[in-house]
Amino acid sequence: MQFERVKGTYDMLGKHAVLFKNVTDKLKITMEGYGFSYAQTAVLQPMEMFKRAVGNETDIVNKEMFEIKSKSGKEYVLKPEETAPLMRSVIESNFVQGLEVKKLYYITPLFRHERPQKGRFREFYQYGVETLNSSDFRRDCELIMLGEGILKAFEIKKYKIEINSIGCRTCRPEYTAKLKKYFSEKSSGLCKQCRVRLDSNPLRVLDCKESACKIVASGAPKMIDSLCEECKTDFERVKGCLDEFKIDYTLNPMIVRGLDYYTKTVFEFIETGDALGSQSTLIGGGRYDMLSKELGGQDMPSCGFAGGIERLILSIPENIRKTIESENVIDAFIVHFGKETAKAAFSLTESLRQRSIRAEILFETDKIKKQLSLASGKARLAVIIGEEEIKDKTVLIKNLADQKQEKIEFNADKIAEYIKGVKDV
RNA sequence: GUGAGUGUAGUUCAAUUGGUUAGAGCACUGGAUUGUGGUUCCAGAUGUUGGGGGUUCAAGUCCCCUCACUCACCCCA
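At position 11 of the first sequence (counting the first as 1) the number is 22 in my numbering, and the numbers step up by one without a gap.
In short, the hints are calculated from the structure, not lab data. Some hints here could point you the wrong way.
Each computed DSSO-like pair below joins lysine-lysine, with the alpha-carbon atoms no more than 30 Å apart [unchecked claim]:
#1 K404 / K378
#2 K74 / K304
#3 K354 / K257
#4 K333 / K129
#5 K381 / K431
#6 K32 / K113
#7 K431 / K39
#8 K169 / K62
#9 K37 / K333
#10 K431 / K389
#11 K37 / K113
#12 K168 / K32
#13 K304 / K354
#14 K192 / K243
#15 K18 / K74
#16 K26 / K389
#17 K233 / K26
#18 K304 / K37
#19 K32 / K191
#20 K18 / K62
#21 K350 / K380
#22 K37 / K169
#23 K225 / K168
#24 K378 / K402
#25 K26 / K113
#26 K233 / K192
Just the calculated beta-carbon pair ranges, DEER-fashion [to be verified]:
#27 G160 / L407: 42 to 48 Å
#28 A223 / K192: 18 to 24 Å
#29 S222 / F14: 42 to 48 Å
#30 D259 / I226: 25 to 31 Å
#31 S222 / K191: 17 to 23 Å
The beta-carbon is built from N, C-alpha and C at its ideal position, and this holds for glycine as well.
From just these sequences and the hints, can you work out the full model?
This is the structure:
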């Protein structure tokens, strides 16, 4: 009996696994470089939390959650996004106290029950960061800089940054009222779905892809014209800061995040090549000043972003991707052949491993060709032990890149030292 | 949830209007080369043509069902 993988999931073996591992390693280094520290929450989360935080009317909670009912009747979900669980955890443990600012990053699997497509899976990975307890506009900019830093780290150049402000508790209701009025007057020009949205969430009409709706939406009042004083000055400051750092962005009054907790600054990094098909959002984020209170915590203005790892990987230029997926070299492959050499080779392998040398050995054959051929794909150096070497108490160390080889005394410390010397070059 | 497309060896793909024993590259195994890999040469192994049913003298090819995958809509990372 053979079994197939679950729809919308994927396994990682071989090169794919190496690629994923090296990409996430690189992401961690970049995010840590901007002062964020690692955080992790459970995959299983309380269902109600997402309804509250993300919004009951959003597609994510409305139709995309994997729901699990415990034997006692409690309702859990496989988390569909990370900001809410992280915020829940922070509140629950009083992780942020007083005026302190915490910066966290994560790399986590998420689950959404959607039809799979290019750059879209049911079980997928997101990396992301959250800057907690700061309303400083420079935090918004810092996020965008990090976003650029990440794409730069992978040499992704075909992208654009779009920003918008969607206001706060004070000015958004006023704006949505205006919008509702405008769209109601033109409702005949809207698609069926948008006529429904009109009542539940008129902001989403702006985001509709129907060409008729787009036309109507293009004439709609814009949020940035309706911002309150505070939101307006904040947005001006964010833009000013981006300008100062010469960050290239465009204003897109149509950006509306699909999660209800966002306020003020929102932004997207959009892939502009053809790597992603129609799922072109590489990174999406913004400010969510009200989320903490919404989840029962203290007032904690915060901002963050998330990016899909599958989409990131798809966007990496092919030559860079190939380099990243071959970065799995071990230091030394121990090659043995002839009588009584395997034993010595095994014990040398273990000695080297204990001296922090990444070493590998093949027991299953004593053919030198097979071993060297395997070594050349995995290691930079081959440590060769034959009958002669056993007699001489030496080993041959061969550089698999330039074919040069050298005779060294059979002494684990000396061999380890030699290998480390080569490693540093 | 809706629509379209595709299923052939481990993998990428061939196979004339339906026509004999379904082929090739890469990968794999062995050898040329019993002490030297990534280049070369030679040889070898590999298939329920996704599964089931039907039409036909004859089906990888046509029809129906089913399963899987892919892409797009929707939405998002």
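Checked hints:
1. Simply put, K404 and K378 have alpha-carbon atoms about 21 Å apart, close enough for the 30 Å limit, and the pair holds.
2. Using a Cα cut-off of 30 Å, the hinted pair K74 and K304 holds, with the two alpha carbons roughly 25 Å apart.
3. Our distance criterion of 30 Å between C-alpha atoms is broken by K354 and K257, whose separation comes to about 62 Å.
4. For the proposed pair K333 and K129, the alpha carbon gap of about 20 Å is at most 30 Å, so the pair holds.
5. For the proposed pair K381 and K431, the alpha carbon gap of about 25 Å is at most 30 Å, so the pair holds.
6. Between K32 and K113, the direct Cα distance comes to roughly 26 Å. Compliance with the 30 Å bound is thereby established for this hinted pair.
7. Between K431 and K39 the CA atoms are separated by roughly 26 Å; this keeps the pair inside 30 Å, and the hint holds.
8. Straight-line distance between C-alpha atoms of K169 and K62 comes to about 35 Å, which puts the hinted pair past the 30 Å bound.
9. Distance hint between K37 and K333 is fulfilled; the C-alpha atoms sit about 15 Å from each other, no more than 30 Å.
10. Annotation: proposed proximity of K431 to K389 holds, straight-line Cα distance about 17 Å (limit 30 Å).
11. For the proposed pair K37 and K113, the alpha carbon gap of about 22 Å is at most 30 Å, so the pair holds.
12. About 22 Å separates the Cα atoms of K168 and K32, which keeps this hinted pair within 30 Å; it holds.
13. With a C-alpha separation of about 65 Å, the suggested pairing of K304 with K354 is violated against the 30 Å cut-off.
14. Between K192 and K243, the direct Cα distance comes to roughly 23 Å. Compliance with the 30 Å bound is thereby established for this hinted pair.
15. Between the alpha carbons of K18 and K74 the distance comes to roughly 17 Å, so the proposed pair stays at or under 30 Å and holds.
16. Pair hint K26 plus K389 holds up; C-alpha atoms about 12 Å apart against a cutoff of 30 Å.
17. With a C-alpha separation of about 47 Å, the suggested pairing of K233 with K26 is violated against the 30 Å cut-off.
18. Simply put, K304 and K37 have alpha-carbon atoms about 34 Å apart, too far for the 30 Å limit, and the pair is violated.
19. The hinted pair formed by K32 and K191 fails the criterion: a straight-line CA distance of about 47 Å is larger than 30 Å.
20. For a cut-off of 30 Å, the pair hint linking K18 to K62 stands: about 25 Å separates their Cα positions.
21. A threshold of 30 Å between alpha carbons decides the hint, and for K350 with K380 the separation of about 16 Å falls inside it, so the pair holds.
22. With a C-alpha separation of about 19 Å, the suggested pairing of K37 with K169 holds against the 30 Å cut-off.
23. A C-alpha spacing of about 29 Å is found between K225 and K168, which places the hinted pair at or below 30 Å, so the restraint holds.
24. Restraint check for K378 and K402: satisfied, since their Cα atoms lie roughly 19 Å apart, inside the 30 Å limit.
25. A hinted pair counts as satisfied when its Cα atoms are at most 30 Å apart, and K26 with K113 does not qualify at roughly 36 Å.
26. About 13 Å separates the Cα atoms of K233 and K192, which keeps this hinted pair within 30 Å; it holds.
27. In this structure the supplied range 42 to 48 Å holds for G160 paired with L407, their Cβ-Cβ distance being about 44 Å.
28. Between A223 and K192 the beta carbons are some 19 Å apart, a value that agrees with the proposed interval 18 to 24 Å.
29. Checked against the hint of 42 to 48 Å, the C-beta distance between S222 and F14 comes to roughly 44 Å, which is consistent with it.
30. Between D259 and I226 the C-beta distance comes to about 28 Å, which sits within the given range of 25 to 31 Å.
31. In this structure the supplied range 17 to 23 Å holds for S222 paired with K191, their Cβ-Cβ distance being about 22 Å.
In terms of the numbered hints stated before, the structure departs from hints 3, 8, 13, 17, 18, 19, 25, listed from lowest to highest.
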